[in-house]
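Trainee: Below, each chain spelled out in residue letters.
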Amino acid sequence: MELKEKHAHRVALLSAVELSPEELDAILGEIDDLERVVAELEEFGKDTPWISLQAQPAFPKDE
Amino acid sequence: MSDRDIVDTSLTDLSWLIAAKKISSVEAAGEALARLDQLEPQLNAFITVPREQAIARAKTADEEIASGDYRGPLHGVPVTIKDMFETVGVRTTGASKILIDWIPDRDSALVERLNTAGAIIIGKTNLDEFGHGGTSTLSHFGPVHNPWDIKRIAGGSSGGSAAAVAAGIGPLSYGTETGSSVRRPASYCGVTGFKPTFGIISRHGSFRGAWSQDHVGLFARSVQDIVLGLDPVAGYDVRDPASVQQETPQYGARLDGNVKGLKVAVLRKFLDSVTPEVKSAFEAAIKALAGAGCEIINFDIPELCYAAMTSNLTSSAESAGMNRRWFREHYRDFVPHVARGIAVGMAITASEYLTVQRARQRIREAVRAGYEKIDVIASPTTSRVAPLLAEGLRGNGDDTRHASTNHSNMLRFPSMLGLPGCSVPIGISPEGMPIGMQLIGKWFGDQTVLNTAAAFQSATDWHTHRPKI
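Chains as they are written, first to last, in the numbering used here: chain F, 1 to 63; chain S, 64 to 532.
Just so you know, the hints here were simulated from the structure itself, not pulled from any lab data.
Everything numeric in this text was worked out from a predicted model, so none of it was measured.
For every residue, glycine included, the Cβ atom is placed at its ideal position computed from N, Cα and C.
A couple of the hints might just be wrong.
[What the hints assert, rightly or not] If you anchor each label on the Cβ, the simulated ranges turn out as follows:
| # | chain 1 | residue 1 | chain 2 | residue 2 | range |
| --- | --- | --- | --- | --- | --- |
| 1 | S | Pro399 | F | Ala12 | 20 to 26 Å |
| 2 | S | Gly205 | F | Arg36 | 31 to 37 Å |
| 3 | F | Ser20 | S | Gly205 | 23 to 29 Å |
| 4 | S | Val151 | F | Pro21 | 43 to 49 Å |
| 5 | S | Lys342 | F | Arg36 | 42 to 48 Å |
| 6 | S | Lys342 | F | Pro21 | 41 to 47 Å |
| 7 | F | Pro21 | S | Asp524 | 54 to 60 Å |
| 8 | F | Ala12 | S | Gly324 | 55 to 61 Å |
| 9 | S | His465 | F | Ser20 | 24 to 30 Å |
| 10 | F | Pro49 | S | Gly205 | 43 to 49 Å |
| 11 | F | Asp32 | S | Leu456 | 16 to 22 Å |
| 12 | S | Arg169 | F | Pro21 | 28 to 34 Å |
Pulled out of the complex, with its shape left as it was, chain F reads as follows:
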């Protein structure tokens, strides 16, 4: 399967920017590597609690 076909869902995320075939190949090559990296990190972090991204609102300290 060609990279472009394999990564069709990724290409759809590129905001319809027109890329040359060479540019697309380079980007998809990196994305191929990215999938391996994410898989490694998924295994590495599997027993870790999901973090909360909730942030406290900013407000001045009480006087």
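Knowing the structure of chain F, use the given hints to seat chain S on it.
Mentor: Using the frame of chain F, we list chain S on its own:
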């Protein structure tokens, strides 16, 4: 005082001379600008130089000081800032063609505080486009050259700031760091670079590389100078969601080189990818810290092997999120390598980003547990001295794609976790290039980091070496 003396004068001394009216702010700014004019053809360290505004403000500073209205150590002192910070009436490009003519109508929080302190901004320094890089070669305005050897890179992304301080174009410069963009160029250019704990200095009005990793940091010739530049700009700002609510710090007043009994950890397995001359200088630096009273501990945090890849994916996704609109509308205007990086970030899915954040949490927890046993982590700042421009983007020797003991992990984890870090010069390589050591503290251990760096600089003179440019 001769012109050369002013160029070589530390921030601490220059500040005193201006306050004592031994020299004027106009003289100091004029000499810094003359030095800039002399060296800029070789260094390409600046994008915009607001010369007339700087001289006018220096005149005002002189009048204020003469009338007894002295604002503090930065009053009348010429400083430079990375072209990431918005400045009213002065173009702010981020080293990008996209903003080549953009003139903001507001100041960034950093610039507001510098203006309040009476500092004189003489130039806006060159960088990798919007901070996306580690070489300062990915600029629409061309690469920054290292003052120690203009065939070499200055490091990035705050390369113009580091090069300016190293070359004596002002004693103080402000930059930003998302991965290693203060510490790396500080090391490559032989100056002291510090980035505080995440949230200590407001990022309001500066371009972002990655919101959860971006810091403001600074460059000077010594830690003593760093704290003079840090105190006036640190503190809470409601406009930056990451800003920390705390009392206004006084790092300068609390600077104390007594580090007796401080536990300094060395993570030896990350030294395997370091060049022999860097390793040798680092071992000597560790001995100097031991001589100053630190307890040196061989330590390990195995989870740090995953730091560079976690940091890299985090910043890639976040920078894509922040650049979505420009990516769509200005893809061809980006520096090509930067555009490609954003494209890869655009293709990262939300679930992948969150998976990466889970890995980041594991590393954060491991480092937190580690700091229960130690006070500071010491390592070479970079694995090698500044590479030649001809080596391209691979010259830094980074590996951000594999779990490994590559030194990139030591460079990337402090910004990813928001820890305070200081790079200090520790030697000169056989080819005449500076070598740096970084000291990384626990969250809000900024003072400990600064004190350790000050103790080192009291015991050694590497920070006094200057390039022969």
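Trainee: Which of the stated hints cannot be reconciled with the structure, identified by number in ascending sequence?
Mentor: 5 and 12
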